[in-house]
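So you can see what is in the structure, the chains are spelled out below.
Protein chains: 2
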Amino acid sequence: MSDKQIIKPQPISGFPEWLPEQKLVEERLLRIIRREFERFGFTPIETPAVERKEILTAKGIVEKEIYALSRLAAGEGEDPSTEMALHFDLTVPLARYVSQHNSQLSFQFRRYQIQKVWRGERPQAGRFREFYQCDIDIVGNGSLSALNDAEIPCVIHSIFSQIGIGRFVIRINNRKVLQGLLEIHGVPQDRYQAALRAIDSLEKIGEEKVANELISDAGMAADRARALLELLTTAPDLDALRRMDGSETLRRGVDELSEVAAGLRALGMPDDVWRIDLTIARGLDYYTGTVYETQLVDNPEIGSICSGGRYDDLASNYTRQNLPGVGISIGLTRLLSRLFDAGLLKPGAQTPATVLVTTMDRRFLADYLALASELRRAGIDTEVYTEPKRLGDQLKYADRKGFRVAVVAGDSEFAENSLTVKDLASGAQMRIPRENLVEAVSVLVR
Amino acid sequence: MSDKQIIKPQPISGFPEWLPEQKLVEERLLRIIRREFERFGFTPIETPAVERKEILTAKGIVEKEIYALSRLAAGEGEDPSTEMALHFDLTVPLARYVSQHNSQLSFQFRRYQIQKVWRGERPQAGRFREFYQCDIDIVGNGSLSALNDAEIPCVIHSIFSQIGIGRFVIRINNRKVLQGLLEIHGVPQDRYQAALRAIDSLEKIGEEKVANELISDAGMAADRARALLELLTTAPDLDALRRMDGSETLRRGVDELSEVAAGLRALGMPDDVWRIDLTIARGLDYYTGTVYETQLVDNPEIGSICSGGRYDDLASNYTRQNLPGVGISIGLTRLLSRLFDAGLLKPGAQTPATVLVTTMDRRFLADYLALASELRRAGIDTEVYTEPKRLGDQLKYADRKGFRVAVVAGDSEFAENSLTVKDLASGAQMRIPRENLVEAVSVLVR
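Chains as they are written, first to last, in our numbering: chain A, 1 to 446; chain B, 447 to 892.
This is chain A alone, in the form it adopts within the complex (with noise of 0.2 Å):
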């Protein structure tokens, strides 16, 4: 065996792996994020990680950032004509699907889809090519109303509540109203672009460096530059908003901002998780009505831990039925990354399992795996120590992997039908009756 080829594993760059107490973290978000979709009535969906290569392309994005597949040996009977490459996202899939699957569903679709997306980036600190997207979107056939846009933030605040990583806001605006006072301040229609992409780059460049941008890129005077980012950057009055003429846009945006504010007053959301912020732009052009983003208070270099917004059409690409949708994505390999890296999370025990049960003496080996089943079929989580060590070394196992729980017994407990139970984080230990062991367990791990 010694004269065998060893290739030695080495990480690929861009694609994160976790360690077990990473990954327990990241299964607890999971469980967070798939109980919240559910509890919204958002139905699974789960597309294959390959599509057709011409659905994939069909919006025109980069092509060197898209993964395509081969075999590895050219097998008989290929078929050429079906090039498939991984997706880059989950909103391509979903156009396709409800394209594809139209008769089938009902509408409006509420899906929410938890899978890896690929994207062959040149990797870089903080850029992953493999990595979950958490995407709901609600998906209307026709028409959906602004209720829906009003549903998304909620979830978010359930998510986040829950997960428990500080305080957080949702910042919440509409493409329409800043189209309004884009056109209201004399930007031509084909410097929106230009400008949106400018007012989207504030919170990082400062109101000045946004200034020239606006006066340079987007052909805005001085004066009605700084007079939009005064009026942006300012408190918002939707009321002051509606009286200003001059864009039919505007007056539609501002409609649309507060159907959804009422309606988040009357989902019960709390006032200080959430605000309406007009500087909140989104790069994308996709985009047409609401827009969401959210940070955390008191971590803001954490960047939008989750974003998202209305579009009037997910798959024109795919179907002449118009799908006007809304929804909203958690990046969360990116996300979990940060958060390990800030300390808001930190990797806990390497088992999901609460209680070793050790096997100091072989004889009763029949009675260990008894205990176990016991505690397994009382929902308590149960590894037995299989091995023929030490206890010492079992108890040091169970300390590594971060067992709450040891139970321990030999001669002297079985003799008088007792066990002992410790309590691996304070060292206490007591003797208990067998019978009690369930008992005496849910209450330490409780």
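Keep in mind the hints are simulated off the structure, nothing from the lab. Fair warning: there could be bad hints in the mix.
[Claimed, not checked] Quick list of in silico lysine to aspartate or glutamate cross-link-like pairs, EDC-like style, CA-CA up to 16 Å:
id : chain 1 : residue 1 : chain 2 : residue 2
1  : A       : Lys204    : A       : Asp89
2  : A       : Lys116    : B       : Glu511
3  : A       : Lys116    : A       : Asp89
4  : A       : Lys116    : A       : Asp223
5  : A       : Lys209    : A       : Asp223
6  : B       : Lys499    : B       : Glu511
7  : A       : Lys4      : B       : Asp759
8  : B       : Lys505    : B       : Asp759
9  : A       : Lys64     : A       : Glu121
10 : A       : Lys64     : A       : Asp89
11 : B       : Lys499    : B       : Glu484
12 : A       : Lys64     : A       : Glu54
13 : B       : Lys655    : B       : Glu676
14 : B       : Lys454    : A       : Glu54
15 : B       : Lys450    : A       : Asp313
16 : A       : Lys116    : B       : Glu492
17 : A       : Lys8      : B       : Glu500
18 : A       : Lys209    : A       : Glu230
Since the structure of chain A is provided, determine the placement of chain B on it from the hints.
Same frame as chain A, but now just chain B:
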């Protein structure tokens, strides 16, 4: 818009995609599987979908079944040395993971892994090119007691009892027993694989043909082939096997099998869900001790729903450490597809939510939203109907999607501070005081 080019989405052969009512069934199974894996102390890990090519091909797998990755368009700074491909199982990634992170893991390492895998097979009925595997393995460092081999069938038992697809039996054998019997019956060592392959096909092709194969492929004399088959197909008597002379391997296999059987009894496994079956060989060269197969008693045509076994060394390609292990795998996608086909699992509702709050009068929108929030806070998954449609259409939508309860309220209800709650299965409806909402709905969905 009508002159826009539409790309009509088409399914890709071999890449299954469930409708929501099917995906909800898959989710239910995934939850049971995860829950039971953790009950037995298995910790989740997840590896990237891709591995370096050199890792995947180390075992001399058929290369044409591996999907390699490349960028759709070459990017700058491409590193050609990192050739990547999609994993085709979860065992090679586990071996690589354990080798790479060895110093950070605690052994015994009990891990579960539920991920998609990809195989570039020619698609045909029941063969998938993308499918879920749900794997557990217990990996030891240098040694691993046979107690672990007894725990594995208990996990399987817990899972399939809860899924509820009828009676099943876990058939257990030991490769050493088979090899010892081949030895005793005069099969030369270089014909063991041929003999095991023949025995493995017993159920498919019958005793007569297996005898012929043992004679022609494994070089056995006709009488010894028949004697061997007689022995294998008779109810096994471990004591009689132990008394047979001429094979140390047989004796060790019988000892292991006895230890596993004793463990199963100690763990409280009911007698009717498992049995020792000397005809179980498992095709793979890989296994060296205990082997498992699981069948549905009343639907044997479904094939093995879960199989696995014990191996001497998990990762000899990637590390010089000796890592023996035992594990089992559920091929969830294939299983689910067969269970749907056989009618053993049936797709139900299109939504995880149980309650639809209808919105018959939009003057009361704020009230409807508040009702939905109240239900959600009580842990009841709820959707609000958001579009301005007639109540009849809303109730049709509720039926189609499979909600259990609809909440209805208009002028008359709100004037009396009451609500109407409709049981959608029976059609029965009742007027309740508004404050009894959660209680009334809880009774209906129980």
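Status of each hint after checking the structure:
1. Between lysine 204 of chain A and aspartate 89 of chain A the CA atoms are separated by roughly 25 Å; this puts the pair beyond 16 Å, and the hint is violated.
2. With a C-alpha separation of about 22 Å, the suggested pairing of lysine 116 of chain A with glutamate 511 of chain B is violated against the 16 Å cut-off.
3. Taking the CA atoms of lysine 116 of chain A and aspartate 89 of chain A, the gap is near 8 Å; set against the 16 Å cutoff, the hint holds.
4. A distance of roughly 47 Å separates the Cα atoms of lysine 116 of chain A and aspartate 223 of chain A; the hinted pair therefore is violated under the 16 Å criterion.
5. Proposed proximity of lysine 209 of chain A and aspartate 223 of chain A is supported: the alpha carbons are some 14 Å apart, at most 16 Å.
6. Restraint check for lysine 499 of chain B and glutamate 511 of chain B: satisfied, since their Cα atoms lie roughly 13 Å apart, inside the 16 Å limit.
7. Our distance criterion of 16 Å between C-alpha atoms is met by lysine 4 of chain A and aspartate 759 of chain B, whose separation comes to about 13 Å.
8. For the hint pairing lysine 505 of chain B with aspartate 759 of chain B, the CA-to-CA distance comes to about 13 Å; that is within 16 Å, so the pair holds.
9. This hinted pair checks out: lysine 64 of chain A and glutamate 121 of chain A have alpha carbons roughly 8 Å apart, not beyond 16 Å.
10. Simply put, lysine 64 of chain A and aspartate 89 of chain A have alpha-carbon atoms about 15 Å apart, close enough for the 16 Å limit, and the pair holds.
11. Taking the CA atoms of lysine 499 of chain B and glutamate 484 of chain B, the gap is about 32 Å. The hint is violated against a cut of 16 Å.
12. Between the alpha carbons of lysine 64 of chain A and glutamate 54 of chain A the distance comes to roughly 15 Å, so the proposed pair stays at or under 16 Å and holds.
13. For the hint linking lysine 655 of chain B to glutamate 676 of chain B, the alpha-carbon distance of about 14 Å falls within 16 Å, and the restraint holds.
14. Note on lysine 454 of chain B and glutamate 54 of chain A: the hinted pairing holds, with a Cα-Cα distance of about 10 Å set against a maximum of 16 Å.
15. In summary, the hint linking lysine 450 of chain B to aspartate 313 of chain A is supported, as the alpha carbons are separated by about 13 Å, within the 16 Å threshold.
16. Under the criterion of a C-alpha separation no larger than 16 Å, the hint pairing lysine 116 of chain A with glutamate 492 of chain B is consistent with the structure, at around 11 Å.
17. In summary, the hint linking lysine 8 of chain A to glutamate 500 of chain B is supported, as the alpha carbons are separated by about 10 Å, within the 16 Å threshold.
18. For the hint pairing lysine 209 of chain A with glutamate 230 of chain A, the CA-to-CA distance comes to about 14 Å; that is within 16 Å, so the pair holds.
In this structure, the hints that do not hold are numbers 1, 2, 4 and 11, in rising order.
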